[in-house]
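Colleague: With the hints as a guide, bring both chains together as one complex.
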Amino acid sequence: MSIDMTQFLVTFYEESFEGLEIMESELLNLDVGAADAETINTIFRAAHSIKGGSGTFGLNAVASFTHVMETLLDEMRDGKRDVTQEGVEILLSSVDVLREMLQSLRDDLPLNHDAISVAQEQLDNLLNGSANNEREQVNTVTDSYEQGTGSNISETGCWKIYFNPNRDMYKTGNDAVRIIRELEELGEIEVRVDTSSLPGLDDIESEDSYLSWEIILKSDTSETDIREVFAWVEDECDLIISPYSGDVGDTKKSSENKPELNVAVLEKSFDALAPQAEALAARFYESLFSNHPEVKPLFKNTTPEKQQAKLLAALKLVVGSLKNPEALVKSLTEMGARHQAYGAVAEHYDVVASTLISTMKELAGDLWTSEVNTAWQDALGIIAGIMLDAYQPVVASGQQSQSTTPKASTPTKQPANTNKPATESRKASGSGETSIRVSIDKVDELINTVGELVITQAMLGQFGELEELDNSHLDTLRDGLSQLERNTRELQESVMRIRMLPISFAFQRFPRLVHDLSSQLGKKVELKMSGEQTELDKTVMEKIGDPLVHLVRNSMDHGIESPEKRIAAGKSEMGLVHLDAYHQGGNIVIEITDDGGGLNTEKILAKARSSGLVSADDNLTEDQVHDLIFQPGFSTADQVSDVSGRGVGMDVVRRNIRSLGGTVDVKSKEGDGSTFRIRLPLTLAILDGQLIRVGTEIYIIPLVSIIESVQVHKDKVNVISGRGEVYKLRDDYIPIVRLYHAFGLTADSTVLDKGLLVVVEAEGHKVALFVDELLAQQQVVIKSLETNYKKVEGLSGATILGDGTVALILDVVGLYELSKKVTTHPGLNLSSSGSSEDGDIEEIEVEEGKLDIQATNESSSNEDSGGEAVA
Amino acid sequence: MATILAVDDSASMRQMVTFTLKGAGHDVVEACDGKEALDKAKGQQFDLVISDVNMPVMDGITLIKELRALSEYKFTPLLMLTTESGDDKKAQGKTAGATGWIVKPFNPDQLLATIKKVL
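Going down the list, the sequences are from chains D and W. Under this note's numbering, think of the first position of the first sequence as 150, with each following residue one higher. Under this note's numbering, think of the first position of the second sequence as 2, with each following residue one higher.
Since the hints were made in silico from the structure, they are not lab data. Glycine included, every Cβ here is placed at the ideal spot set by N, Cα and C. A few of these clues could be false.
Stated by the list, open to error - Here are the simulated lysine to aspartate or glutamate pairs, DMTMM-like style, with alpha carbons at most 20 Å apart:
| # | chain 1 | residue 1 | chain 2 | residue 2 |
| --- | --- | --- | --- | --- |
| 1 | W | Lys118 | D | Glu713 |
| 2 | D | Lys455 | D | Glu363 |
| 3 | W | Lys75 | D | Glu385 |
| 4 | W | Lys118 | D | Asp384 |
| 5 | W | Lys23 | D | Asp153 |
| 6 | W | Lys66 | D | Asp324 |
| 7 | D | Lys673 | D | Glu713 |
| 8 | W | Lys75 | D | Glu354 |
| 9 | W | Lys118 | D | Glu333 |
| 10 | W | Lys118 | D | Glu354 |
| 11 | W | Lys117 | D | Glu713 |
| 12 | D | Lys591 | W | Asp88 |
As the list claims (entries may be wrong) - Covered stretches of chain D (chain W as the covering partner; in silico rule of three or more C-beta atoms under 8 Å from a C-beta of chain W):
| # | stretch |
| --- | --- |
| 13 | 157–168 |
| 14 | 188–196 |
| 15 | 199–209 |
For reference, chain W alone in the conformation it holds in the complex (with noise of 0.2 Å):
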């Protein structure tokens, strides 16, 4: 099973995500924001990122930027949460080195759907 690392400066969407993901048997370390985000992946190495795009410190485009920048994450699928109407989001996120994105609102089901085709 993977290491996954959520990122979402929303308590309750963070508390979902890792509800959801530990029970499919992942292990799960959030951040809150994009900083937090960035020394907890320069620390430890994670199968997979999943940021919001929306938060404080730094946000998950640059977040997306950096990581892609380094070089233990230059492939390493990052997805980020974005609205439906978000598509200038998605062109930027792209633009950073996103691999997807999961359009909020999203459910669990279709949250694992998602990770499950890049993992």
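So here's chain D without its partners, still in its complex pose (with noise of 0.2 Å):
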């Protein structure tokens, strides 16, 4: 089968990217000296889940980088290393490499290899240490696991196996019977099965296992390969693999290694031992950890119970087949192989050989002669020497293991069509393709609307069939209609709730901003964060972020004040920061808070004035004042620094909100903080909006920022000198904008007393728009008119609406902003119109975006009486 992997490295890119945010606030959470064992693990499952993937993958650069910090983190994790600062900060920037090899990948850019190759330097030199040796024996148990264990061939083509299952080898849910099924694919087999073990019925244990087998194999397959049959029960039977002349008889008798034993005296002694073989055993181990304390480490994956069955096990196996040299050279080589991959060195061999002889002697006694000495001490000579022949000699990883059959090399083909399909799905996933992770329970919902809409559409679908309509189906029909409107809305929820995404996705990164930037500037700041499971639309999320960073930048930059100014004002050391999230009213709210020294007023309005922003005579409210820092080119910062000075000021931070629909402000107490509020709509794509109607233009503002609408009460109107009308409400005195003024517009009445006042507030401002009328409210879907035409100031965009017309949805804010222009502009004077009936356009000098708003209306009505205003 051939399975295309690069349809799940979406997924696993995300998934890495989330793994990669853990290891980092996870990082970030250690505590030096006294790290919790937890925690560090958590970090290491996230790079082991990547290393894994990675390598499934075949994304080989971030496996190799990863293998590198999960070794460290695996010698963190057992408590062979300390945790230092030093190493969490080598950690941290690995994460951000790590993360920047993934989105080069990703996004199939080339990788960044000065980047790496540094950072792979700080981890191995980190590595370096002590526990270096430790992961040089990691790749040599590797690399004698991959190259197998003698992969010579039976010059025969025949082999012989001894298959002996210990008795409880079936309890790891292993079956010998599908173990030789397997073997049988490997070419013809001749089984002998031995029945000797087996007791009578009545002592019999259903699940144990009495039987061994020897098997003939007539195969020119290797004995790797055989072994790989039986790499699961390895340790849980006696296994002996040789080859085999039998019947085919003139084999040469492979002798070149033919051990010189005395193989009488040997078993003799052996035979004499027999009954003490136990207490041999554990006399042994018990004698080589005393001795030789060093060789311990080499049994850390074992019982002594099991070891020393082991032992025996081994011993009993060498004596027993001391006539057989070639099956014995075969199981040493097998031993042999296997203590290269425990990590036995030749001086072992020596400790254990004189201490196994010591060990024999005390318990031998007398029996233990000089002639037994020397057979012994010769034959445990000639095992080191065969087994340290089998080692194989360290190589670089990756090689794989010879195979000759076309049917066993099936798995070492395999590499080779990973590697490809990785390189294609770079290509595929380069298009900026994103995806995101939708909770099964939403999904659910969705199926659960669309088949009421289908059951709905059904019962409409009748009416299609009917002749015609009658009274009495009229109700049905009207019945199916508000269900057809419950399930648009319904359907229209699920799907928006699909794009909608915790803003914890947005906050991750502070913690660590917070920190790199509190040892940057020498400052002492907590991060504190709530809200985060508040869900935000995924293409808001990511558009906040970059205002987000600048507003906790500046807020630890300008807001939190050094150590000892806060001392000195009575304040804890530690500044805190605190992001906030909250749902209120069909938006989002995303607050953040420092306890720093808050804005200075007088500076700001004095460099307000030198900068003529304000001119000296203005008499600005607190508030107001603090709002001239969101001014372009506004900074009181006496010195620009590295970390907010970036000549990206406050005023794009509240462009780049605006742009999603959003509004940002800011309360602020000198010596107390300050609190930036961000206000943002759940979503893009759609709108609550309220329909108005000036002359025979239909247009929008969004509901959200409507407070309430006024029957215009003419006393309540004042005129005052130089900034248009406003408006008494209560104790406010609100600006009038006439929309019909504004967008040149021939309305139904000039006169404020005859038309409404719709009362909207944006960025705390309040404006009173002159209608002639309020029509529907209504959701509508916002399309752009950027895209479609070209921005227009005082409009944020235009919907379609049910019959098919074309309406644009007001610019709150910008028409604000408008206003100011208008009413300051020389020349201009609203006022006059508060009383007549002109409304004369030809004396407005009109700007630009008012000739193109009028153009746009022109073509849009043309549009409407063509019926065809629908693209």
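Modeller: So, in structure tokens, the structure goes:
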């Protein structure tokens, strides 16, 4: 089966980025010196998953880079390595490098090899401490595993396999019959079963294994491949594989390595020791560990009981096959390869041999003659020689075992196959393909809603088949239509919800940012986050990231004071930055609060006056002064700092947030800190709108910005010289914007008390829009003016109404700005229109933006009459 | 065809294992960690469990130990997914009662060849 691995890459990248976020935040949580084991484990797991996945999906550069990180973390986890500040910093920068690698691979960009090798070097240097040997050893293990154990081919084309499962092999889910069947796939087999160990029916344990097998396999396959079949039960059986001459007859004996053994003496002495075998094994390890504690680590993965049983099995095997040198060499070769994997080196063999001899001597007493001693010394020397011969030279990893039969070569061919799809995949995913992970609940809900929609459709579909409609059908039709309306609304809500993600995705980066900035600025700052589960549209989330970063940087750089200043001001040394998110009436609000010095009203005012933003006699409220920081080119920082003085001002933050249909304002108290409040729509695609009419045109005001609508009382309208008309609503004076005036239309009436004022609010400013009539409220789908036409001041987009006509959506903030420009424009006297019916457009110096609006309106009304407005 | 429980905390690995096994005609149930897997295994008899080792909540070795202790899973093949350098993990897994292992990284063909051995 050939499976395109690229299809899993999108998920892999996504979970890897999530894993990196986890690594980063947990690394920041790590207490140097007293690291929490579970925290390290969590970090390790994330690295481990990335390594595993990247290997599987063919991203080898990532796999080898993560391997080093993983090794480091593994050592920290096992307590072999202390968690140092240096280690944490290096791991943090490795996370950055890894993230960049994955991004480059995903977007099909070249890897930044310089950064990778720098990070790799740092990691290597860190590893190069005491634990370096360990790492080498891991490689050795890997290699010997991959290389397999002696892959010779039987010259006779025939193998003899002795297979004796331990009693409890079946309890691991392995099955001797399954293994024998698998052998059958390698070639023709002849099986002899040995039932001699089978107890009487009364004593038999149905779950235990009592049988052993002798199998003759006719196959020119390698021993490695045969051994592969037994890989899972290696420790749960006795296994001897040897080339078989049998009937074939004239096979020359492979006697080059034939040990010179005093077989009779060895057998006899071993038999004499047999009754004390268990004591021998126990005593052997006891004295081995007490005299040579350095070998202890070699036995870390086994229990004393198991190991003693192994020793006895090995001794029995060796002594039992003394008369069959070929088989003996075979089994010793295998044992040698295994011992290489355990980490045993030549010196260990001497230690073991001398300990074994002294133990046997101790137990055998008088029976231990010098002849016996010499026989065993020679024998153990030869055995060690053969076992050490079996050691594989250490080679670069990745080398595969040789295989000789086509069948057996299947697994080894695979790596070549995996590489290809991986390269292709990078191209496939390079097109900026993104995906979101959606909880199954949301999908179920969607399916459910679609199901209901189908039912409604069936209900309404009946009417299409009717010859004519009479009154009796009308009620059903109405029901159906209202059901359709409900279904559509629910469907829309479910689909929208799929795009919603918890804001924690945007918040995730801040612990690291605050950590890095704190040390950079020499300030102590605690970051508090709340409301991380508040959901927000994915597109909005992506675009709010940068403004948020800017605001947090700003709070840390300009808001929070230095520790000395804070102590002097009677505050705690540790500053606080609080990120909070919550829903408020169809909007999401994000607040960035700091307990720093707050905005310096006088300084701002002085700066604003000197740069001509406000005139000297302007009387501004505190909030208005604070709002000045969002003006282009406004910065009160005495020195441009590294952190936030990057030439990007608060005006850019406000502009970016506005482009998302949101607002930002600031509340600040000198000495106590500041709060920046961002208000965002939940989604960019749809808004709840209030339809209004001016003359023949229909406009839409976003419902969230409407405060109230009022009938005009003429006596509450005042004209302030140079600032236009204002309406007194309770204690507020609200500037009036006559929409027909702003857009150059002919309204039903230009007399204020014949129309309505819609009071709207944006960024803390209220404006009263003078309109002819309020129409329905409805949800409208936002179509961008910028992509379809161009940006127009005072408008945020357009939509298509139910009857197919195009209506423009008012940008309340933009209108407020426009109203200021218009009212402060020299030569314009809006106050004159307050009492008379003129409203002359000719008198107004029409700005470019407004001309565009006229043009747009004309074209849209032309289209209306043509009845082909829907593009 | 067999009913298989695939346990891995990595969504992409689960996706690949599931896709491969389903493609070969098996029924597959997924679990994200040992705990979830154990709950699912108690509610339904699986013919084979393939589990990752390093997982949050409950790791693969513990899962295998717990499963092996259940009478319904006494002889069920339990395979673990382990990395090439995980020799100590293999040993631990075997001690816990694992049938065998599949070495990561692996590809779909290797996976299918391996499970054929135990089904």
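Colleague: Each hint should be assessed against the structure and marked as holding or not.
Modeller: Hint check:
1. For the proposed pair W/Lys118 and D/Glu713, the alpha carbon gap of about 70 Å is over 20 Å, so the pair is violated.
2. Proposed proximity of D/Lys455 and D/Glu363 is contradicted: the alpha carbons are some 25 Å apart, above 20 Å.
3. At roughly 17 Å between alpha-carbon atoms, W/Lys75 and D/Glu385 fall within 20 Å of each other, so this suggested pair holds.
4. Restraint check for W/Lys118 and D/Asp384: the C-alpha separation of about 18 Å stays at or below 20 Å, so the hint holds.
5. Distance hint between W/Lys23 and D/Asp153 is fulfilled; the C-alpha atoms sit about 14 Å from each other, no more than 20 Å.
6. Taking the CA atoms of W/Lys66 and D/Asp324, the gap is about 19 Å. The hint holds against a cut of 20 Å.
7. Using a Cα cut-off of 20 Å, the hinted pair D/Lys673 and D/Glu713 holds, with the two alpha carbons roughly 11 Å apart.
8. With a CA separation close to 14 Å, the supplied pair W/Lys75 and D/Glu354 stays within the 20 Å bound.
9. About 12 Å separates the Cα atoms of W/Lys118 and D/Glu333, which keeps this hinted pair within 20 Å; it holds.
10. Only pairs whose Cα atoms come within 20 Å are accepted, and W/Lys118 paired with D/Glu354 is rejected, the gap being roughly 25 Å.
11. With a C-alpha separation of about 70 Å, the suggested pair W/Lys117 and D/Glu713 falls outside the 20 Å cut-off, and the hint is violated.
12. For the proposed pair D/Lys591 and W/Asp88, the alpha carbon gap of about 42 Å is over 20 Å, so the pair is violated.
13. Interface restraint, the stretch 157–168 of chain D with chain W: holds (6 residues with C-beta to C-beta distance below 8 Å; minimum three).
14. Coverage of a stretch by a chain is defined here by at least three residues with a beta carbon nearer than 8 Å to that chain's beta carbons; for the stretch 188–196 of chain D and chain W the count is 3, and the condition holds.
15. Taking a C-beta to C-beta cut-off of 8 Å, the stretch 199–209 of chain D contributes 6 residues in contact with chain W, enough for the three needed, and the coverage statement holds.
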